[in-house]
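Fit chain B with the ligands to the known structure of chain A by using the hints.
Listed below, chain by chain, are the residues.
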Amino acid sequence: MIRVRIRFEKKGPVRFIGHLDVMRYFQKVMRRAKIDIAYSEGYSPHQLMSFAMPLSVGATSDAEYADLTLRSFPGRTMDDPPREAPDLSLLIARLNDVMHEGITVTDACVLPEGAKKAMTAVCACGWRVSFRPDVLRNEDITLPAEGSLRQAFLAFLDRPSIPALKKTKAGEKQIDLRPFIYEADCSDDGVFTLLLKAGSEDNVKPSLLLGAFLGKNELPPAALVLHRTQIYQAHPERERVILPLIADPADASSLKMLPATV
Amino acid sequence: MHCAADEHLALTDAQLLSVEKPERYIGHEVHAVYKDAGAVDVRYCICFPDVYDIGMSNLAIQIIYGMLNERDDVWCERACAPWTDLECLMRKEQIPLFALESQDPLREFDILGFTLQYELCYTNVLQMLDLARIPLYAKDRTDCDPLIMGGGPCTYNPEPVADFFDFFYIGEAETGFHEMIDLYKEAKRDGLSRRDFLRRVARMPGIYVPSLYDVTYHEDGTVRAVTPAEEGIPAVIEKELVRNLSDCYYPLKPVVPFIRVAQDRVTLEILRGCIRGCRFCQAGQLYKPFRERDIEVLIRWGIAMLENTGHEEITLSSLSSSDYSSLAELVECLIPYCNEHHVNISLPSLRIDAFSLDVMRRIQDIKKSSLTFAPEAGSQRLRNVINKGLSEDDILRGAREAFLGGWNKVKLYFMLGIPTETEEDLAGIGDIAGKICTEYFDHVPKEERGGRSVEVTASSSFFVPKPFTPFQWAAMDTREMYQEKVRIVKRSIASQVNQKRIRYTYHMSDASVLEGVFARGDRRLSSAVLSAYRKGAVYDAWTEHFDMSKWLSAFEECGIDPAFYAHRERPKEEVFPWDHIRCGVGKEYLYREWERAKRGLESVNCHDGCVQCGAAFYQTGCCVR
Ligand code: SF4
Ligand code: SF4
Chain A
1 MIRVRIRFEK
11 KGPVRFIGHL
21 DVMRYFQKVM
31 RRAKIDIAYS
41 EGYSPHQLMS
51 FAMPLSVGAT
61 SDAEYADLTL
71 RSFPGRTMDD
81 PPREAPDLSL
91 LIARLNDVMH
101 EGITVTDACV
111 LPEGAKKAMT
121 AVCACGWRVS
131 FRPDVLRNED
141 ITLPAEGSLR
151 QAFLAFLDRP
161 SIPALKKTKA
171 GEKQIDLRPF
181 IYEADCSDDG
191 VFTLLLKAGS
201 EDNVKPSLLL
211 GAFLGKNELP
221 PAALVLHRTQ
231 IYQAHPERER
241 VILPLIADPA
251 DASSLKMLPA
261 TV
Chain B
1 MHCAADEHLA
11 LTDAQLLSVE
21 KPERYIGHEV
31 HAVYKDAGAV
41 DVRYCICFPD
51 VYDIGMSNLA
61 IQIIYGMLNE
71 RDDVWCERAC
81 APWTDLECLM
91 RKEQIPLFAL
101 ESQDPLREFD
111 ILGFTLQYEL
121 CYTNVLQMLD
131 LARIPLYAKD
141 RTDCDPLIMG
151 GGPCTYNPEP
161 VADFFDFFYI
171 GEAETGFHEM
181 IDLYKEAKRD
191 GLSRRDFLRR
201 VARMPGIYVP
211 SLYDVTYHED
221 GTVRAVTPAE
231 EGIPAVIEKE
241 LVRNLSDCYY
251 PLKPVVPFIR
261 VAQDRVTLEI
271 LRGCIRGCRF
281 CQAGQLYKPF
291 RERDIEVLIR
301 WGIAMLENTG
311 HEEITLSSLS
321 SSDYSSLAEL
331 VECLIPYCNE
341 HHVNISLPSL
351 RIDAFSLDVM
361 RRIQDIKKSS
371 LTFAPEAGSQ
381 RLRNVINKGL
391 SEDDILRGAR
401 EAFLGGWNKV
411 KLYFMLGIPT
421 ETEEDLAGIG
431 DIAGKICTEY
441 FDHVPKEERG
451 GRSVEVTASS
461 SFFVPKPFTP
471 FQWAAMDTRE
481 MYQEKVRIVK
491 RSIASQVNQK
501 RIRYTYHMSD
511 ASVLEGVFAR
521 GDRRLSSAVL
531 SAYRKGAVYD
541 AWTEHFDMSK
551 WLSAFEECGI
561 DPAFYAHRER
571 PKEEVFPWDH
581 IRCGVGKEYL
591 YREWERAKRG
601 LESVNCHDGC
611 VQCGAAFYQT
621 GCCVR
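Line order of the protein sequences matches chains A and B. Counted from 1, the first sequence has number 128 at position 128 by this note's numbering; the numbering is strictly sequential. Counted from 1, the second sequence has number 430 at position 430 by this note's numbering; the numbering is strictly sequential.
Bound-form chain B, shown alone:
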């Protein structure tokens, strides 16, 4: 082991003391892994293109970190984007970007694995490469440069950043990462060139090497075809997927940051995938099929993680926790331990019903907590369009039961800009918020209100059509349309009798439009990302840094029309830039759902039936029950 006292840091004390939260850059957290760099065959660095506080809250990072460091031949380290204060200092004082553990420059690593969590982090990828002094375009890198790999949800359409990456790993890390590392180790031993390694790794399942595929276009700018440029390179890339979640790696000793990060708690992932096919939801499709972890395993892991970290909160995480078949039992088993050790249990993404209210009552302080409903749309018609199996009755009943149980705060989430949306649907948002207030006043007698009243917060975000969803053919609303819709919602809320009890918040639209461009973008966008970065765009996901004008001028400079990507409805036969990547669900199924959506028809969830989405290809989870 290393000794703390003689540990060298990449930054001097004076530099560290001149930036906000120096703890972001020193490593040395509890369960951070230190090895002898000279004694391993492969040096891998997980790169998170956002600030440390967000990166260290990411479960995938903890999984990959723990899993790779179990190997004696690999030292896996971490690096996050430096916050703007340090970025500025690094440029001024010519300090290359470094990894948290060894504090060595990223240039010295074999592989840098970027996590692409959201589209708005793309300029930060360039920021990190640039600060690390690595050529930004993959084609400009030589055998002396590290390999630049991408993973995470954005890799299901990685085309907008394809030019910057040597390869992508598509799907869940637990299955193919080791093999990929083994292959690299072999290639390194045999002195294979970068190009030859990429040729080899491109044959591995789940790996996509963009430089080995040619993209051709029609005259109208749409994609004609994406085809392998060489013999032996697979024409389609299937995502990697864990078949048995109870029998795979899980980080029981996750790194415990010193600073309070976004997720300052134990994350116990109880299931992956989702049985519900909400038509706007990309995550629900990408992670299919729905797979649960055994309850015994979860209890064992949960307690081990609490003991190893000392966290005072455990969150049971998943896309939709209510769908876990033994949720009541799981919570029941964790409560005694958590009570004894003053640990809070948090259960996000629950559907509100009698059962979940009972669970929440037992683990939360009702006075402080608020209930969250995600109707997403204001009318039943539009909820059918998005296949959100939630009726107004469900919501009002849930709210009523909650009010009777002592809650008085309700949060409602909506999306504006859903395909087929009308003024009536939008006005429904005010109506439902109003009806919830009425439930409160009708069912909670004055003497039981304890001086409080109902508080309803309705929030809306701007709907962004994503690949691998039935809405991938849809046109996204423009900024102006969105603003008009916000006005309609405001009016509808103002017209409620109880409008004083309702608060309405909404997100601004420019960043969503940009997200919409990249979500369904193609390779030609790489030049715009670079151009925007050169103009100073970075940390686009942060409102205080986002500057649309830089992007608009970048698009103009590169001859790119953002509307072509965001605001255009696609015809059935259009080839998409991501058609060569497979996440399990088929394009035919998605199109069927798109047509049903337009007709306002719901589809069954995987619990009640099977709509033959294609994920049965993986022969596991809900598809084999």
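Bound conformation, chain A alone:
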């Protein structure tokens, strides 16, 4: 058995495919591409495949991740211990051959033994977001005047604390978003670039942060044009350093320092 992580983009009309259907889609991809994926034991075996994080319906992404457990690699069996690194480009090509054009595998790596699942490793997400003014208008939400958006946003970030009402399974809960905002900026034409804490605890969605910015609770999904740029994990050795779910820890260009307040 060998564990592999793949990275894929989600673009175009397929952005409307929900998370469960993306998973079903990948299960069928594995069969179409004849990938020798491992199955769980038991009465109704399922493919050993898990995704890093759901992406909201309508959002696009440069970097989604899934972990696969393979029994063999395209082109060779795993019976004998691999002497040389398996050819990941062959795997990627096989997958992309049967993929929908909006979903493309862009990278892959073999996971070292004992590596955390992508799902548990996630610690932050990068976003590029803008408002849909017409939807906000329908919700009776007004935006800061044209030209002053960036100013207003930076002032908002300057506050020592940013309270927000977060909906959880257990109900609503008041949290402070400030420590979970790792990077945030807004361009003059209204595009927000965000790096927010993510994961099973204290997951901060752009809709919650930008809702707080507009003095509201979480914004409805249609209010934002959402694009995920990256999903990060903690650096194996260095504190307050994060890197993408597929990246070389030794490659300085892929690392990000978190602010000292974290």
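Bear in mind the hints are in silico, worked out from the structure with no lab data behind them. Even for Gly, the Cβ is constructed at its ideal location relative to N, Cα and C. Do not rely on the hints blindly, as some may be mistaken.
As the list claims (entries may be wrong) - Quick look at which bits of chain A chain B covers, simulated, 3 or more residues with Cβ under 8 Å: (1) 2–14; (2) 29–43; (3) 132–140.
Claimed, not checked - Keeping only pairs whose Cα atoms sit at most 27 Å apart, straight-line, the calculated DSS-like set for lysine-lysine is: (4) A:28 to B:21; (5) B:253 to A:34; (6) A:11 to B:550; (7) B:550 to B:535; (8) A:11 to B:21.
Structure of chain B with the ligands alone, referenced to chain A:
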């Protein structure tokens, strides 16, 4: 090929995000076909008058889609009825109905081909035309409008919706579709008017152009005659039929929807038609004669489809799979591949016997699966009336063998309202369910039950007499009669010793009555369909949307008595609104069977003999063996 990133959608993101399952409206599924609209001669759109999840499970749609898109001169797209949330939005924001692939308005197409799968979809046909901004009545359309075509099982009596359609294609698509498209292409090139094209296409086999036929009525409201209105238009329309199923088009690369649709699996159609002439069954008559596909072809296709789609289940589909002559061998050949690739095989419509139990044991998880019997009637007398060649012995033996094999769940299907039915026949439903429980307790020792017990579910539906069946002369029960029958069945179940192990479910009756009206209706019903639609009737096949009061007031407004269509027994000599359409079986044969039914006499199936039904006209399948 097109590029996904710059693909335009008919709906904005905000609109798509405001409706349930936006994936229904974006196209782009695996194996969806994209072409350059400017580079084809004919733009055809398959229209399914129900929601996407149901439409995309339909085999005929996949066949027509794949078959037409093989042609370079045609781009065939798909459109389904928008669910009510989107329908509402489209009306409010004035968005015209669009096709899934190009996302272009349906108005821009040459031909819209509606699949008429069940009678209760008729208001959705109007909903789609209306949202597409196409005049609802065929007579109001001009040369600028697309041609509106209908196909599917309801076209064997299309009269209730005849006024809305320009033409119908009757029978199996594989044989005449290409020719019909060629004819259209020619007409378009020659600048033929709509009317002239219809005159031409009406001469093609299998094509029915309702506006070219006059219907006259007797004073009592029954049909006097349906006659061609012009010289050269055929007086009868014979259905189209594939002679050799192993040598015809099959969609080896069906569209794979993103969402989980009703049939989220490979459908391998192993045969068409049925050798058994159950007298209530319309499908059994419409698709005669019985024709099988070669086993080699099926294995090849099945595996190719699994590889092309990545589905994790394959269903061997037919009206009656047990009648496939090499079923054991077929399953045997598919099992190794399916085991290796974690693919499930499903085999609906099997008769339960030692053989089928053995097959099922090998492909299913016994603990989870339940066995299905369709005795349809509670007594042997009534089963003889419907010619269901299934005896109580067969059922009890099948159940016993199943229990010994480890099954403990049994489903039983019945119909209430079968002609000649008595209280005794109804009470038989409880008896048979009770006897099945007894089989279990008598043959499965306590220590082998593993803490489980037998679970019997008996379901009943309301019998609807259909055209082209021996019961087409019969009166359908009224709602009140049906409810009384449900009470009798409940009592009979409650009186069983093991009544706690038996569950009884039944469907409500209003929708069935409406189905009964349309099944044997005539052209005058079109006005009622329109009136009900105007009152807001849509998605009538969905319990949560069905509203009989809208229909009752529509009938009243149009001066139509639903009982005339549903609850009236017809005399032998009555001309039926569908008499000019032929599906192979003759009216004389059907009447013979109706008389035998009333006397409780069974007839042989096509395997054991031939009752000269008329389908031998097609010179193929079981008729030439
Ligand atoms: S077996 Fe009977 S009910 Fe089933 S398809 Fe054939 S004729 Fe119809
Ligand atoms: S002609 Fe005879 S064999 Fe052919 S379908 Fe009819 S009854 Fe069966």
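These are the hints, each one checked on the structure:
no.	hint	result
1	2–14	holds (count 4)
2	29–43	holds (count 7)
3	132–140	holds (count 3)
4	A:28 to B:21	20 Å, holds
5	B:253 to A:34	16 Å, holds
6	A:11 to B:550	45 Å, violated
7	B:550 to B:535	6 Å, holds
8	A:11 to B:21	18 Å, holds
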